[in-house]
Amino acid sequence: MRRKPLRPLAHIIAARQDGKNPDFIEAKERSERNQLLQQKTRVRAENRLLALGLIFIIGFSAVGGKMAMLASSSANEVRQYNTGSKIINQRANIVDRNGNILATNMSTQALYAQPPLMINPKKAADDLLRIFPDLNQERVVRNFTSGKRKFVWVKKSVSPEQQQQVHDLGEPGLLFGNREIRLYPNGKLAAHILGGTRFGEEGVKAAEIVGVGGVEKYFDDMLRDPALEGKPLELSIDLTAQAATRQVLKDGMRYMNAKGASAILMDVHTGEIISLVSLPDFDPNNRPREAVSGDPSDNPLFNRAAQGLYELGSTFKIFTAATSLEKGLANPKTIIDTTPFRWNKKNYNDYRDYGLTNSVEDVIMKSSNTGTIRMALAAGSAAQKKTLKDLGFFKSLPIELVEASRSKPLIPKNWSDSSTITISYGHGISATPMHLASAYSIIANGGFKVLPTLKKQIPTNAKKEQVISTKTSEQLTSMLRRVVSENDGTATMGNVYGYQVAGKTGTADKIKPSGGYYKDKVMTTFASIFPASNPKYTLIVTLDEPEIEVLGKRKRTAGFTAVPVAAEIISRVAPILNLRPIATNDAMEYTSISSQ
Amino acid sequence: MKILLYMVCSLLVMTMAYWAYTENYTTQASIQRVEELHRLVAEEKEAISILNAEWAYLNRPERLANLADLNFIKLKLVPLAAQHFSELEIIPMPPRRSLVVSSPVLVSSDRGKQFP
Numbered sequence: 001m002r003r004k005p006l007r008p009l010a011h012i013i014a015a016r017q018d019g020k021n022p023d024f025i026e027a028k029e030r031s032e033r034n035q036l037l038q039q040k041t042r043v044r045a046e047n048r049l050l051a052l053g054l055i056f057i058i059g060f061s062a063v064g065g066k067m068a069m070l071a072s073s074s075a076n077e078v079r080q081y082n083t084g085s086k087i088i089n090q091r092a093n094i095v096d097r098n099g100n101i102l103a104t105n106m107s108t109q110a111l112y113a114q115p116p117l118m119i120n121p122k123k124a125a126d127d128l129l130r131i132f133p134d135l136n137q138e139r140v141v142r143n144f145t146s147g148k149r150k151f152v153w154v155k156k157s158v159s160p161e162q163q164q165q166v167h168d169l170g171e172p173g174l175l176f177g178n179r180e181i182r183l184y185p186n187g188k189l190a191a192h193i194l195g196g197t198r199f200g201e202e203g204v205k206a207a208e209i210v211g212v213g214g215v216e217k218y219f220d221d222m223l224r225d226p227a228l229e230g231k232p233l234e235l236s237i238d239l240t241a242q243a244a245t246r247q248v249l250k251d252g253m254r255y256m257n258a259k260g261a262s263a264i265l266m267d268v269h270t271g272e273i274i275s276l277v278s279l280p281d282f283d284p285n286n287r288p289r290e291a292v293s294g295d296p297s298d299n300p301l302f303n304r305a306a307q308g309l310y311e312l313g314s315t316f317k318i319f320t321a322a323t324s325l326e327k328g329l330a331n332p333k334t335i336i337d338t339t340p341f342r343w344n345k346k347n348y349n350d351y352r353d354y355g356l357t358n359s360v361e362d363v364i365m366k367s368s369n370t371g372t373i374r375m376a377l378a379a380g381s382a383a384q385k386k387t388l389k390d391l392g393f394f395k396s397l398p399i400e401l402v403e404a405s406r407s408k409p410l411i412p413k414n415w416s417d418s419s420t421i422t423i424s425y426g427h428g429i430s431a432t433p434m435h436l437a438s439a440y441s442i443i444a445n446g447g448f449k450v451l452p453t454l455k456k457q458i459p460t461n462a463k464k465e466q467v468i469s470t471k472t473s474e475q476l477t478s479m480l481r482r483v484v485s486e487n488d489g490t491a492t493m494g495n496v497y498g499y500q501v502a503g504k505t506g507t508a509d510k511i512k513p514s515g516g517y518y519k520d521k522v523m524t525t526f527a528s529i530f531p532a533s534n535p536k537y538t539l540i541v542t543l544d545e546p547e548i549e550v551l552g553k554r555k556r557t558a559g560f561t562a563v564p565v566a567a568e569i570i571s572r573v574a575p576i577l578n579l580r581p582i583a584t585n586d587a588m589e590y591t592s593i594s595s596q
Numbered sequence: 001m002k003i004l005l006y007m008v009c010s011l012l013v014m015t016m017a018y019w020a021y022t023e024n025y026t027t028q029a030s031i032q033r034v035e036e037l038h039r040l041v042a043e044e045k046e047a048i049s050i051l052n053a054e055w056a057y058l059n060r061p062e063r064l065a066n067l068a069d070l071n072f073i074k075l076k077l078v079p080l081a082a083q084h085f086s087e088l089e090i091i092p093m094p095p096r097r098s099l100v101v102s103s104p105v106l107v108s109s110d111r112g113k114q115f116p
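Protein chains in written order, with our numbering: chain Z, 1 to 596; chain P, 1 to 116.
Hints were generated in silico from the structure; no laboratory data involved.
Because the structure is a prediction, the values reported are computed rather than measured.
Keep in mind that the hints are not guaranteed to be accurate.
[What the hints assert, rightly or not] Derived lysine to aspartate or glutamate pairs resembling EDC-like cross-links, with alpha carbons at most 16 angstroms apart: (1) Z:Lys-250 to P:Glu-62; (2) Z:Lys-156 to Z:Glu-229; (3) Z:Lys-4 to Z:Glu-46; (4) Z:Lys-188 to Z:Glu-326; (5) P:Lys-45 to Z:Glu-229; (6) P:Lys-45 to Z:Glu-180; (7) Z:Lys-188 to P:Asp-69; (8) Z:Lys-4 to Z:Asp-18; (9) Z:Lys-123 to Z:Asp-168.
When you get a sec, could you build the whole thing from the sequences and use the hints?
Listed below in structure tokens is the structure:
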């Protein structure tokens, strides 16, 4: 910009010529310049004011608008939709490994009464007793007519037919509230696994369902967690295998005149429990009360498989053999002295005389006590303890049943040499059949630590802890196979066509509550693994006080009681689990479809 | 000129008010419809869960075994055994036959009623 001069020369000269004062020109020019500057400043200030005003207007109108919106909106206009969340069942379903429902919910109605609303309380009470004969007449009449009660529960769940009958009474004081009840469609089938439920906190409109036993209690928080949106709990159980196991065990228990029985079928690699049966059982839809008196093991609620601590007898002999083999003291062919054994003025004999010496595999096959004792003493109590500890006999199992957590094996406090002797053949130590199942699974799967679980497992390649060498595991399995396959074995009845059953029998005298052992009451066990060439499953069958007449003689040993039942279970369950029979030298018989 | 401006403005306000009210009511109607649909979905889900429970109850192994026993003469069903496994070569190829659907099949879960 070119500045205009304050004293332009042309004007000054002109003014001088006219005789005027040139200073006036300068003053004029200066005032013009100041005027211009003033104008410019003013415009700028005005613009600033305008902009500031605008900012204030926008700010205030934003705040004011928000306030107006908040003031004019009603609460229910804010809506949040979460598709399906309000319709999800309160408690998640429980399904088996193939998705079959084991536990679900059903909505019913609960009946309650408000006596002040009643027109004729006496008649209402009488009518109700006609519909529900199981109600306590005296209490209903008293509650309805006393005038003190404003609210009375009448029935926790009623069927639609009963609800209609109550509606037909036309009594305004009888009202219904929604209820969800837990339903076990398979009844007694998996009673001890599922446990059962009861109502917890109760309101008029809804009631909480809480687990009281089995997985229902163990997974209570998870089943009730709304964040999981009703995702079902997948168990490792196979419904069909469970049904077959229970059926065979039930028939076997009756046939063997036993007062109780249990069976555990377990995957040797994953530890998944495929079926778990304890008899007698109960209907979880109508769970009986806990026994307050008498022997708890006589109550149907008692889980013999996971809760009952028993001396498991000769099934422990294989652990003694495992100790010897692991310590390198023996191999399956090593000869062991099997003459009668005397220790601390006590005699130890075999069931029959098996001769002066036997090899280790024959000691197991014939179930010789004296041979086992000598092997255990040679290995020492420290080695015996280590093997049993590695196999999990010192702790309660982490299986997902609340009852099992209380069953810690009973082991001697002072592990003397006489303890070593009795424990070598399974006496003087009490464990649950579940402990036995997991120990036999370790023997069968190549010696890897495995813990039983009721939750369906996702196959992983995670490295497992090895507690027995693979070689020992293979030797032990073939020793167990001989117990079943050889004619001199104790479990010859357990040979199932095509499934190469291997196992060990155990017959233990029951302990008297007053001390000592019963002479005529035994607990028989058959611990088996199959197929021996590539073990997949462990099956433990126990029978409580079995007795059977064979050729005019009373038999109580496992070979005549638990073994045939276990064999029948294997022959029924193995095909269900899609286990192809292994072709032997015998000709395979096929059922041809084309011929029919 | 001013009067015209006022008229245009008030007309604009009226149109906007009308539009706003219409939107409001359509929204409320939609919300009601959504609620109704949610209720129906809940009903259907409840029905499904009851039917699932019933299906599980009717298919309980105990009942199926009893039915198989009762109808043994007709069905000749026996428990699966090792002898029932066979080799693939033994199974004959199925005869070639095309599936003909001669009558229409109704597949519906709304029990014949339409949504409102």
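Hint check results:
1. Z:Lys-250 to P:Glu-62: 13 angstroms, holds
2. Z:Lys-156 to Z:Glu-229: 26 angstroms, violated
3. Z:Lys-4 to Z:Glu-46: 27 angstroms, violated
4. Z:Lys-188 to Z:Glu-326: 43 angstroms, violated
5. P:Lys-45 to Z:Glu-229: Cα-Cα ~13 angstroms, so holds.
6. P:Lys-45 to Z:Glu-180: Holds, because 14 angstroms separates the two Cα atoms, which is no more than 16 angstroms.
7. Z:Lys-188 to P:Asp-69: Between Z:Lys-188 and P:Asp-69 the Cα gap is close to 20 angstroms, so the pair fails against 16 angstroms, i.e. violated.
8. Z:Lys-4 to Z:Asp-18: 23 angstroms, violated
9. Z:Lys-123 to Z:Asp-168: 13 angstroms, holds
Violation of the numbered hints given earlier is confined to hints 2, 3, 4, 7, 8; the remaining hints are satisfied by the structure.
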